Amino acid sequence: MNKSTLLAMLLIASVVAIWEALCRVWAIPVFILPPPTRVFATAIVRADLLLPHAGVTALEIVSGIMVSLGVAVPLSMWMFASPSVEKAMAPLLVTSQAVPVFAVAPLLVVWLGYGMASKVLMAAVIIFFPITITLLEGFKSCDAEYRVLFDLMGATFWKKMRFLYWPWALPHFFAGLKVGVSVATIGAVIGEWVGAQMGLGYLMIQANARLKVDLVFAAILWLAFMGLTMWGLVGLVERRTVQWK
Amino acid sequence: MNKSTLLAMLLIASVVAIWEALCRVWAIPVFILPPPTRVFATAIVRADLLLPHAGVTALEIVSGIMVSLGVAVPLSMWMFASPSVEKAMAPLLVTSQAVPVFAVAPLLVVWLGYGMASKVLMAAVIIFFPITITLLEGFKSCDAEYRVLFDLMGATFWKKMRFLYWPWALPHFFAGLKVGVSVATIGAVIGEWVGAQMGLGYLMIQANARLKVDLVFAAILWLAFMGLTMWGLVGLVERRTVQWK
Amino acid sequence: AERLTLMLDWFPNVDHLPIYLAQQRGDFAARGLEIRIVSPSDTADALKLAASGHVDMAVSYEPQAIIAASEGLTVRVFGRLIEHPLTTLLFLRNRGIEAPRDLIGKRIGYTVPGLMDVLLEAFAKINGIDDYTAINVGFTIAQSLTAGRVDAIMGPFKTYETVVLDHLGYNAGYFELEKWGIPDYDELVFVCGTAAATRHRAALQSFVEAVQVGIDLARQDPANSLEAYLKAVPEADRRTETEAFRLTLPYYASHQRLSTVRWQQFADFALRHDLIERPVNVDHLLLQETE
Amino acid sequence: MLDVTGLTKKFDDLTVFERFDITVPRRGFTVIIGPSGCGKSTLFDVLTGVVPRDDGVISWQGKSFDHLGGQAAYMQQKDLLLPWLPLMDNALLPVKMGAAGMANSRGKAVALFKRLGLRGFESYLPGKVSGGMRQRCALVRTLMFERELVLLDEPLSALDAITRSRLQSLLLMLQSEFGKSILMITHDIEEAILLGDQLLVVSPLPMGVQEQYALNQPKPREIDDPTLLKIKAHVLSRLKENAIHE
Amino acid sequence: MLDVTGLTKKFDDLTVFERFDITVPRRGFTVIIGPSGCGKSTLFDVLTGVVPRDDGVISWQGKSFDHLGGQAAYMQQKDLLLPWLPLMDNALLPVKMGAAGMANSRGKAVALFKRLGLRGFESYLPGKVSGGMRQRCALVRTLMFERELVLLDEPLSALDAITRSRLQSLLLMLQSEFGKSILMITHDIEEAILLGDQLLVVSPLPMGVQEQYALNQPKPREIDDPTLLKIKAHVLSRLKENAIHE
Ligand SMILES: Nc1ncnc2c1ncn2[C@@H]1O[C@H](COP(=O)(O)OP(=O)(O)OP(=O)(O)O)[C@@H](O)[C@H]1O
Ligand SMILES: Nc1ncnc2c1ncn2[C@@H]1O[C@H](COP(=O)(O)OP(=O)(O)OP(=O)(O)O)[C@@H](O)[C@H]1O
Ligand SMILES: [Mg+2]
Ligand SMILES: [Mg+2]
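Residue numbers (the numbering used here), protein chains in the order written: chain A, 146 to 390; chain B, 146 to 390; chain C, 68 to 358; chain D, 4 to 249; chain E, 4 to 249.
Pulled out of the complex, with its shape left as it was, chain A reads as follows (with noise of 0.2 Å):
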């Protein structure tokens, strides 16, 4: 084990330490805040319970960033192609990004059912907007200079994508999909919200109106588990695929 990692473990040991501290010598009821004890405890003890909820909920959140990346994708490269087409959705893509789910959700439930399609479709809106935008400005940031070398090459569209413009923006494509695989645990919760019979956030809505809190962090815990795990991934592949640099 490297200094690094030392470092790394240290801080947030002590980030736990602070808040088992902060509970105990405040006295924060555990129905406020519990202490890390009682929800890593829970987050175990509670398994059980927890794991096919998790399941669910995992399960919601890689089809929703397969859907989100399914539309992000070309939808960005479109929005490149054509400006007045980027002029045209920029408003779209913002005003959806200020639209609550309870507003929605009823037209989700007519659209859509009850079933896993609706909390995919928020988790993916949720996800879609960064991976988009920071796609689009990979896209954009390529020096004008080499768009035209491969103009002169006679290249056409789609093989300056491939060629050029992907490998130019994929630094920026992993930094938008780091960002959205981190949201799109908060994305499959919210989407839950839209009459879920399972799922993590299912639980915590449920486990919140019943006050008990630890079960909710627990829940959290698990969701940031699953949240890391996906960023992991992500850096594993962008070291992967991003070589040069």
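Derived by calculation from the structure, the hints in this document are not laboratory data.
Where hints are given, some of them may not hold.
[As the list claims (entries may be wrong)] Some chain B residues near chain C, calculated using beta-carbon distances under 10 Å: (1) Ser227; (2) Gly258; (3) Tyr259; (4) Phe308; (5) Glu337; (6) Trp338; (7) Val339; (8) Gln351; (9) Ala352; (10) Ala354; (11) Leu356.
All figures in this text were calculated on a predicted structure; none of them were measured in a lab.
The C-beta atom is built at its ideal place from N, Cα and C for all residues, glycine as well.
Guided by the hints, dock chains B, C, D and E with the ligands onto chain A, whose structure is given.
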């Protein structure tokens, strides 16, 4: 008016038209999805009601952005300066994204009361993440050759920051800020669920409880307008600042 | 079998116990019904979706149904689950609050803006609380009370938040609305859209009959009924739900006849106190054979 | 034949050239030489459509073109290698992009890599090789274009004398054996005299053709040929007149 | 005096140089010449700490250093101008960063801009000037360093003959009047012979000093001096031996 603006307006107009047609042809009830004509009418006719709430929300958003920048900028610089800090902070940051508002709302209330502070904090927490990550990736994207040049000139870390890394990261920073200001609107709304007395989020909950769905959507329209204005402002500052591109 | 979807007002809780009981015992199936129970994301969703016909039936609140009627939503009320208000003005004991007038000059929270703040206003006016600060606390009920951010809250249920607070070691007191000048009303009711009201008329009738059977059974055999419910809703917390069930038991509907007089009284009260803007004639709202 | 008349290019208030004329004979080797910053690269950029022209007519083989983007191979002054592609893939880019036929293009690239001393570095990323090697790789890429007209902007500037003279012979072979029409910018007078059939000396901003030499000596030439030495001295004195005045 | 012994640098399995020795006398002008890709730039990178060395001792004025990052001014082969700073600000960067005194530095830069033919372009962004102008700006930036030791990697490669000869005199003045110790890489043999007090011909990978000439002729020199011509021919034949074998 040039061709591109025309096309943009056409696209937006057609989205609005489809929405209107949907409402009319499928006879979607107003309380599920009001037609855009009605939403626009409400947004303007009830401006006297909406305006003061919008003012409060705008103030929260702007303060949230300020607070966020105040933390994100030094933090990303710190993470950039020390890889072990980055390693240590990354999990905490990702975890912070996995915490849904209702879980921390009680904490916020206990600590900050029902005033403006809790809303500003919520908005700040949401904006904070994309800004920090994109800024960090921006710093990291700086070519090693330039870093070396500055080392040779004996530049201190701060001078390198100011004259090299910052200008280099600016396009990334603005991409992050664009994502930030867009999600800031929803951040403020979520914040206002934590017991506000004013603000568009408060108004929306109230209108929703009273089944005045057109007012809910009118509030969303105002939110979107605010988001777009800030988006435009960031774009303006970007074009002013990143002139060399 | 006739398939119907029922949307609850909120996540499943003991208020809905008779429904789950009927489901478990096959009372719906016996009447040729196949009921699917779903939860909403917001308390207003269920009514909206029922009114628009996207769900067949929904659990709603009498005040909400009256607001909807006033706003021109085409809903019909065809049955009830809880026949008196559970909503209270809740406070912590030992903090010097004995009567509503003790709240003069205090900070009073409320849960749902647009609904509970209006009820609070009416309550204050009727009971002479002429000076207070209203604060929207959302659902941070226990936290804001125990942290002393507010002195009382309009909105918590006397059958639920009291139990939760008790388990946290706090003794909660409350003012019951119907005892302090606000007309009595049906807390939880069943609503449907106008289309469903005609198309599924018989099925809706069978449904409320089955629910009433569930209610009666819960009264006769509380212990087994609770077990059946806990089996159907495994996420529920046994200790809290047991206690809440005991407190809710007296409030389940004793029969399914809706009182036009009582509903009209509440509608008039709502108009008087600005809960609604346009008058509501409950004859068009209530769906029943004869009063 | 490439025939350019009345070409004009301005950057804001800076007139780079105005009513500039130039003619490049088919299968000829035309060399442009002139002071740094006089507008040579800009001329190439305008010819290939990299930057738009303000005025003028460009015609190639009798046909008039907006620019020669699709007609010419262009080696820019910067190497513009893609940092994520190994040298060989960078060189083969024109083939992938459709600016050259697929048939045997790899064999051609391999041969060129060998000839330009890049053998063994095919799989290196551009960030891991020297400046001269990058320039050579960019040259290979340009030679992979299957275009008759070749524009070269200081293609050999980063190379040592020996490598340079080898590549000069390569360029000559390109002209004679493959029938290319070459237009090259250089700042090395000897190189200009050794390679060119036509030598244009241009003046500083706004750029204009100041002197034009037709060189009919057979190639390969020797630099100590007395006529050539005389031309060299003459060009040098011409250039000196244009030089920056302090 | 710069004294380097036993310097070794490997990239993975590529040995760039092994036990390489070099001595640069104080106030001397040492020129390195060698084939493209042989490791010259890498040597400078190792000396200045841009890349870590694997082995060897570097000592400057009797003191041993890990690298000369803080001791030397280094002009890299790429111009590395900051795209967002006007040329003048780019040139003044070492002053801002503390590698040079503030006093009169702007006056010095203005004089250099004039001398290098950059007058009038002070406020241009690097993206808007020619390749040669960028190189000249990078040279000004290097000369702004107040360091006795100056390492130059092909500083004049992108310049035309006249500008080049002007800047050669400038470099000579730097040595004679300002007492700088200069170590320069070039691929132009004439330049090497005109400027150097010491000329090192290096061999291809792994790089080694193959031949070393001490040139004591007074400066400025004329290239048609017979001894110099003889040396030139000799160096050329030496380099030819090293050249890429096809
Ligand atoms: N980062 C690196 N990783 C691996 N190999 C490298 C790296 N940098 C340089 N090399 C290799 O080291 C060798 C020497 O490169 P260097 O840049 O020092 O050559 P040079 O003598 O300066 O050539 P030129 O005259 O063309 O500039 C080359 O073969 C190159 O491939
Ligand atoms: N994008 C631009 N905007 C404004 N001015 C420009 C731009 N590009 C070039 N110039 C100007 O045009 C002039 C000619 O530049 P160009 O690159 O054509 O010179 P060059 O003859 O190729 O020089 P070199 O031999 O140094 O490469 C320069 O003075 C430069 O400042
Ligand atoms: Mg040029
Ligand atoms: Mg080099």
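Hints and how they fare:
1. Against a cut-off of 10 Å between C-beta atoms, the interface hint on Ser227 (chain B) is violated, since the closest Cβ of chain C lies about 37 Å away.
2. The interface hint given for Gly258 (chain B) holds, since its Cβ lies 6 Å from the closest Cβ of chain C, which is under the 10 Å cut-off.
3. Because the beta carbon of Tyr259 (chain B) sits about 5 Å from the nearest beta carbon in chain C, less than 10 Å, this interface hint is met.
4. The interface hint given for Phe308 (chain B) is broken, as the beta carbon of that residue sits about 48 Å from the closest beta carbon of chain C, more than 10 Å.
5. With a cut of 10 Å, the hint placing Glu337 (chain B) at the interface with chain C holds, because the nearest CB-to-CB distance is about 9 Å.
6. The beta carbon of Trp338 (chain B) comes within 6 Å of a beta carbon in chain C, closer than 10 Å, and the hint placing it at the interface holds.
7. Because the beta carbon of Val339 (chain B) sits about 6 Å from the nearest beta carbon in chain C, less than 10 Å, this interface hint is met.
8. For Gln351 (chain B), the shortest C-beta to C-beta distance to chain C is roughly 4 Å, which falls under 10 Å, so the interface hint holds.
9. With a least beta-carbon distance of about 7 Å to chain C, the hint placing Ala352 (chain B) at the interface is held under the 10 Å criterion.
10. Residue-level restraint check for Ala354 (chain B) holds (minimum Cβ-Cβ distance to chain C is 4 Å; threshold 10 Å).
11. The beta carbon of Leu356 (chain B) is positioned within 10 Å of a beta carbon in chain C (closest approach about 5 Å), and the interface hint is therefore held.
Checked against the numbered hints above, the structure breaks hints 1 and 4 and satisfies the rest.
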